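**Student:** Chain by chain, the residues run as shown.
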Amino acid sequence: MLKRSVSVLVALACVAGVVAYQAHAGTKPAPAAGDPNVFVPSPKFYTDLSPSSRTSIADAYWLQMIQYYGEHWKTDHRFDALPAMVDLVTTLSPRFKQAYFFSAFALIDAHRPDLSYHYLLAGYKANPTDWHFPFYLGFFAWTYAGNEDRHHVAIVAADYYSQAAKLPGVLPSVARLAAALLAKGGEKQKAIETWAAIYGQGDKYSQQKAIAALDALLPPGKHERISAVAALRDLMPASQYSRFVGAIFRGYQ
Amino acid sequence: MRRVFAIAVNTFRETIRDRVLGVIVLFALGMIIASLWLASISLNQQARMMKDFGLVAVTFFGLVVAVFVAASLVHKEVEKRTVFVLFSKPVGRTEFIWGKFLGLAATMLVVLAGMGLFLFLLTLVVAKQASGWLLVATALIYLQLLVVMAVTVFFSTVTSAILASVLGISVFVAGQLSHNVLSLSRLGSGVALKAASWIVYVLIPNLSAVDIKPTVVGEASASWASIAAWAGYLVAYIVVVVLAASWVFRRKEF
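Residue numbers (the numbering used here), protein chains in the order written: chain A, 1 to 253; chain B, 254 to 507.
Pulled out of the complex, with its shape left as it was, chain A reads as follows (with noise of 0.2 Å):
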C-alpha cells in the first residue's frame, strides 16, 4: 500500500514538474526575429534533385515564406530573402497562383515592384486565362510606375485591363477600367470604342456608366457626334444599338 501511494506521488511530481517547466518556458518574451538574411537553396537545385516532389517542396517552402514574411512585417520590416524565396517557390511551381499574388504585393514591403511585375509578368506566362494578372498587371504598371510619363503609364495598365477584359470570369469593372485609363492616357478613340463595346456586353450598371462616359468623349456638335456614333455601330449587337443612339442623343432636339 505504502509503495502504491509513493509511486503516485512520484507520478504525480513529476506531471507537476513537466507542467511547470512548460508553463515557465510559456512565459518567456517571444524570440526575436531571427536574420532576415537566410539561406535559400537555388530552385534549380531542387528541380534536379526530385522533379517529381517539386510542388511539395514549393509548398513547404510556401509555408516558410509566409511565416518569414508575418514575422518580419512584425518587427524590423527587413525582406532580405523574400525574392529568393519568391524565386524558389514559382519556379518549383509556376501555376500556384496564390504565391504570385501574395508575392507581388509582399515585393512591394521590400520595395521591390519591379520584382512584384516580374513575377506577376512570369505567372502571367504560366496561367495566362486567368483574369487576375493582367488585372494585377495593371494595376501595378498604373501604381508603382514612379515618374514615368503618366499618359503612357496609363495606356499600358488600359492594355493589360483590356487583356484582363477578354478572359473567362472577369469583373464586369475591369473592362470599364481600361476605358477610363484609355482615356487618361489621351488614346480617345480607343476609349470611345471600349465604352462602346462595354455598353454592348455590360450589365445596367455599365452601360450607365458608358453613357457618361461616352457623353464625355464624344464631340458635343450634333453632326459630329453622329457620325462619331455610327462609326460604333458594329461593337454591339443591333438591338442594343437603337437603345444606345437613343440614350447618347437624350436631349438633343
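The set of hints was computed from the structure by calculation and includes no laboratory data.
In this text the structure is predicted, and so the values were computed from the model without any measurement.
Heads up, some of the hints might be wrong.
Simulated restraints on C-beta separations [as the list claims (entries may be wrong)]:
1. A:Leu171 <-> B:Ala449: 36 to 46 Å
2. A:Lys28 <-> B:Ser476: 46 to 56 Å
3. B:Ala287 <-> A:Thr75: 26 to 36 Å
4. B:Gln382 <-> A:Ala20: 42 to 52 Å
5. A:Gly169 <-> B:Ala445: 56 to 66 Å
Output of the computed footprint for chain B on chain A, the stretches with three or more beta carbons under 8 Å from beta carbons of chain B [unchecked claim]:
6. 43-56
7. 59-65
8. 92-106
Going by beta-carbon spacing under 8 Å, a handful of chain B positions derived as facing chain A [what the hints assert, rightly or not]:
9. Ser295
10. Met302
11. Asp305
12. Lys466
13. Pro467
Glycine included, C-beta positions come from ideal geometry on N, C-alpha and C.
Go by the hints and put chain B onto chain A.
**Tutor:** Leaving out everything else, chain B in the frame of chain A:
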C-alpha cells in the same frame, strides 16, 4: 500456384496482425490529420496543402512499412527455423519467395488503400476539393513501394535484415534521382564512364518518371498513356527483382 496462394494468405494474416504495422498506420493517419494544421496556416491553400503533404505522409509511412516488414519477412522464417518445417513439405523456394512477396503486397494494398481513402475523404469533407487524381497517385505510390519491397526482399535473401532495410531505403532515394544518373551518362567524356552510368541508370528503378504529385495539385497534367507505361515498367521491374530474389534464395545454404 495453390502453394504460393497458401503462403501468401498466411503471410498476409501474419503481417496484418503485426502491432507495429498498426502503430505505423495510426501514426500515418495522425500525420495526414496534422496536414490540416499546416493547411490552416497556408493563406487559403487548404486543399493544395492537404493533398500535397497528405501524399508525402502516405509515401513516407508506406515506405517505412514496406522496408521494415519486407526486410524481416524471410529472415524471421530462417531465424525461427520455421522455414525448415515449410521446406520439409512439397514447397519450392521460388514458391516461398513469391508467396511471401504476394502476401506482403496484399498487406500493403490494405494499408495504402486505407491511407489513400482516408486522405481522399478528409480532403473531400474539409477542403471540398477532392480529386480522383489523389486515388490514382495512391495507386502509383503503391506500385513504387512494391518495387522497394521487392528490392528489400532481394537484399534480405543475401544479407542481414538491417542492411536490407538500409539498402531498400537507399534504392527508394536513388529511384527518385535516376534521371540524374542519366544526365551523368550524357555528360561523361569517356565511353566506359558513359556505359557504366547507363547501366546504373537501367538498374536503378525509375521512381520519378511521372509527375504525379504535381498533377494532383494541378501543377502538371500527366497523360494516361504515360501513367500506364510507367505502371507497366514498375510491374515488370518487380517481376524481375522477385525472380532474382528467388534465384538467389534457391542457391542459399542454411
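**Student:** Please go over all the hints and tell whether each is borne out by the structure.
**Tutor:** Right, here's what the structure says about each hint:
Checked against the hint of 36 to 46 Å, the C-beta distance between leucine 171 of chain A and alanine 449 of chain B comes to roughly 60 Å, which is inconsistent with it. Between lysine 28 of chain A and serine 476 of chain B the beta carbon distance is about 54 Å. The supplied range of 46 to 56 Å therefore holds. Against the hinted window of 26 to 36 Å, the Cβ-Cβ separation of alanine 287 of chain B and threonine 75 of chain A comes to about 28 Å, which satisfies the hint. Between glutamine 382 of chain B and alanine 20 of chain A the beta carbon distance is about 44 Å. The supplied range of 42 to 52 Å therefore holds.
Range check, glycine 169 of chain A to alanine 445 of chain B: Cβ separation about 58 Å, and the 56 to 66 Å hint holds. With a threshold of 8 Å between beta carbons, the proposed coverage of the stretch 43-56 of chain A by chain B holds, since 9 of its residues qualify and at least three are required. Requiring three or more residues with a Cβ within less than 8 Å of a Cβ of chain B, the coverage given for the stretch 59-65 of chain A holds, as 3 such residues are present. Proximity of the stretch 92-106 of chain A to chain B, defined as three or more residues with a beta carbon under 8 Å from a beta carbon of that chain, is established by the 6 residues found.
This hint holds: serine 295 of chain B has a C-beta 6 Å from the nearest C-beta of chain A, less than the 8 Å allowed. Taking 8 Å as the C-beta contact cut-off toward chain A, the hint placing methionine 302 of chain B at the interface holds, the least distance being around 6 Å. Residue-level restraint check for aspartate 305 of chain B holds (minimum Cβ-Cβ distance to chain A is 5 Å; threshold 8 Å). With a cut of 8 Å, the hint placing lysine 466 of chain B at the interface with chain A holds, because the nearest CB-to-CB distance is about 6 Å.
At its closest, the beta carbon of proline 467 of chain B sits 5 Å from a beta carbon of chain A; the interface hint therefore holds under the 8 Å criterion.
Hint compliance for this structure: hint 1 is the single one not met.
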